[in-house]
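Top to bottom, those sequences are chains A and B. Reading the first sequence from the start, the letters are residues 1 to 315 in the working numbering. Reading the second sequence from the start, the letters are residues 1 to 312 in the working numbering.
Hints listed in this document are in silico derivations from the structure and should not be mistaken for laboratory results. For glycine and all other residues, C-beta sits at the position ideal for the given N, C-alpha and C. It is possible that some hints are incorrect.
[What the hints assert, rightly or not] Quick look at which bits of chain A chain B covers, simulated, 3 or more residues with Cβ under 8 Å:
no., segment
1, 26-35
2, 91-105
[Unchecked claim] Capping the alpha-carbon separation at 30 Å, the derived lysine-lysine pairs in DSSO-like fashion look like this:
no., chain 1, residue 1, chain 2, residue 2
3, A, LYS312, B, LYS147
4, B, LYS14, A, LYS312
5, B, LYS105, B, LYS123
6, B, LYS82, A, LYS312
7, B, LYS171, B, LYS82
8, B, LYS105, B, LYS126
9, A, LYS190, A, LYS312
10, B, LYS147, B, LYS82
11, B, LYS122, B, LYS105
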Amino acid sequence: MATTTTLLPSLPPPTGRAGLRGAITSEFTKIRSVRSTYWSLAALLVVSIGIGAAITGGSAANFSHNPGNKAGFDATMISLVAFFEIGQLIIAVIAALAITSEYSTGMIRTSLTAQPRRGRVYAAKAIVITTLTLIVSLVTSFIAFFVGQALLSSSGVSASLFHSVTIPQNANVTCPQQGAGGGGPPPGCKVAFSGTDVISPTTVLFAIIGCALFVTLVAIIAFGIGAMVRHTAGAIAIAIAALFIIPVVEQALPNEWRWDIMRFLPDAANQVVSVTIGNNAPAHLWSAWPQLGVTALWAAALLAAGAYLFRKRDA
Amino acid sequence: MIEVQGLTKRYGEKTAVDGLTFGIEPGMVTGFLGPNGAGKTTTMRCILGLDYPDAGTITVDGRDYHDLGYPMREVGALLDAKAVHGGRSAYNHLLCLAQTNNLPKRRVGEVLELVGLSEVAKKRSKGFSLGMSQRLGIAATLLGDPKVLMFDEPVNGLDPEGILWIRNLMKTLAAEGRTVFVSSHLMSEMESTADHLIVIGRGKLIADCSMSEFIARSSGTAVRVRTPMAEDLIKGVTAEGATTATDDDGVIEVRGMTAEAVGDIAFEQAIRLHELTTVHASLEEAFMELTASSVEYHAAVPGPATSSESGA
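Can you build the whole structure from these sequences, using the hints too?
Here you go:
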């Protein structure tokens, strides 16, 4: 019988063992070879920079009607809010997909047959997704900041990475006649600013990097949840619940509890990391580093839980 | 090469595999037969370390699958051709697998060439037909030049050309001295490929024997005869110990005798034959018969079959 195959050249005898390095190279190939990665990253940039520009542009326009709003105006936070509030969701989707898509497509069985030492596969995935989101988050955070500050440049309260900026702390608006209605202060109103806040470049730099770190931790949280539930929609739903819904529900608790609980929620950090004006930070939360630490603990716990289940369960 | 010892796997209340023991030898095609739901896929998943057994041990080349240095160099397995990310190109799918085992990049091109997918290497696999997906899966199994190849129902849904291609491939691989372990629920498929058979039903071993032995033992095998001299033929074969049955169209089914023997009797007695065909029972029929008379059958088959019966 004629054979339809030609024999393959045989390979030289192997030395060593399949390890973490090969697994990382493989995971990088996986993530760069599917379109969803590029779509999601494009969406992240559009949302974080586009919506960020809309918000900062709107604020700049608003100052001409309400110059008093310049007092205590946190230009850094405003330029980053779209990134850390909405962009984090897109990052969460990318990170969850990195593992849940293996289950939805069945690829996980092929992957774990090629490398049955699951700890290495999981670690490689986590390393690749963390590295990717950290780089992308840093880039997005910086671009969103610079675009936002460019749009605010004429306001006099834009933030800078290169020199200290002094902005008014309080505004006192006095008008000759009352009741002119909406649409800004009536003619003749006077705005008197009092007190100043000095925002140093270091503070601004930390806010930009802090936001990127926060979003990266969100990615790890979503990845860990993805490994636990092994289902894309389920993982994203749980991540949204943890980051958006629980904090809202928590608002309904009596005051004496909710302040204490709020600090321990994974998303609390985003209310402080981006803030460059001390007075604007919510008083019931810790400062940026400890709050990022709380988020990091959540990320570590969920990553570990995911690892445990990834290794223990049938694939 | 692959040694399965007392493998038991439960999913909740259901016992999928129950005290299964068998070994697979290199240099031949071993068929893994059983009706749907018999536990074939579960057994293969356990061999590959995808599922953890509740009891028993499995070794590949003397080692646990999880401990193999480069698993793809030892075992190439295709359980489900659709277990790929459809958004990834054939080339990248193979590349990401090759990278886990430090296999050279050129190998990807070589296996794509072998399975005839070079033209569509850059295409996303979600647009592939089942036959193309099957070829991609087989390309992946060959990446590591493995000593053992495992295929789970490889011809399911394939067109005749694809079936022939896979049959020939398996024979070639076995002829190269590799271990080929292939599952199917179709007896007819196994007949033309397998040298050795492992038959399971409801998670238990029913037979571990050569193909010819299995067919001979299956009383479901019959010889279909059409002749204008039906009475003479029936008389002739029953005299030699066979049993016969005649259907409405006058076709005689002879059991307990090979086609050669029936033909010889017809020749000696000058009986004119219009048809003489060996009819094998489908696996399902043979299987049901085997389970119905398991004690009798097991007594006749040496080795693991009997031990599994007592150990189960």
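Hint by hint, here is what the structure shows:
1. Remark: the segment 26-35 of chain A is confirmed as covered by chain B, as 7 of its residues place a Cβ nearer than 8 Å to a Cβ of that chain, reaching the required three.
2. Counting residues of the segment 91-105 of chain A whose beta-carbon sits less than 8 Å from any beta-carbon of chain B gives 3, enough to reach three: the coverage restraint holds.
3. For the given pair, LYS312/A sits about 28 Å from LYS147/B by alpha-carbon distance, which is consistent with the 30 Å threshold.
4. Distance check on the hinted pair: LYS14/B and LYS312/A sit about 20 Å apart at the alpha-carbon level, within 30 Å; holds.
5. For a cut-off of 30 Å, the pair hint linking LYS105/B to LYS123/B stands: about 18 Å separates their Cα positions.
6. Between LYS82/B and LYS312/A the CA atoms are separated by roughly 24 Å; this keeps the pair inside 30 Å, and the hint holds.
7. Between LYS171/B and LYS82/B the alpha-carbon distance is near 24 Å, which keeps this suggested pair within the 30 Å criterion.
8. At most 30 Å may separate the alpha-carbon atoms for a hinted pair to count; LYS105/B and LYS126/B meet this at roughly 23 Å.
9. Only pairs whose Cα atoms come within 30 Å are accepted, and LYS190/A paired with LYS312/A is rejected, the gap being roughly 69 Å.
10. For the suggested pair LYS147/B and LYS82/B, the alpha carbons sit about 24 Å apart, so the restraint of at most 30 Å is met.
11. With a C-alpha separation of about 15 Å, the suggested pairing of LYS122/B with LYS105/B holds against the 30 Å cut-off.
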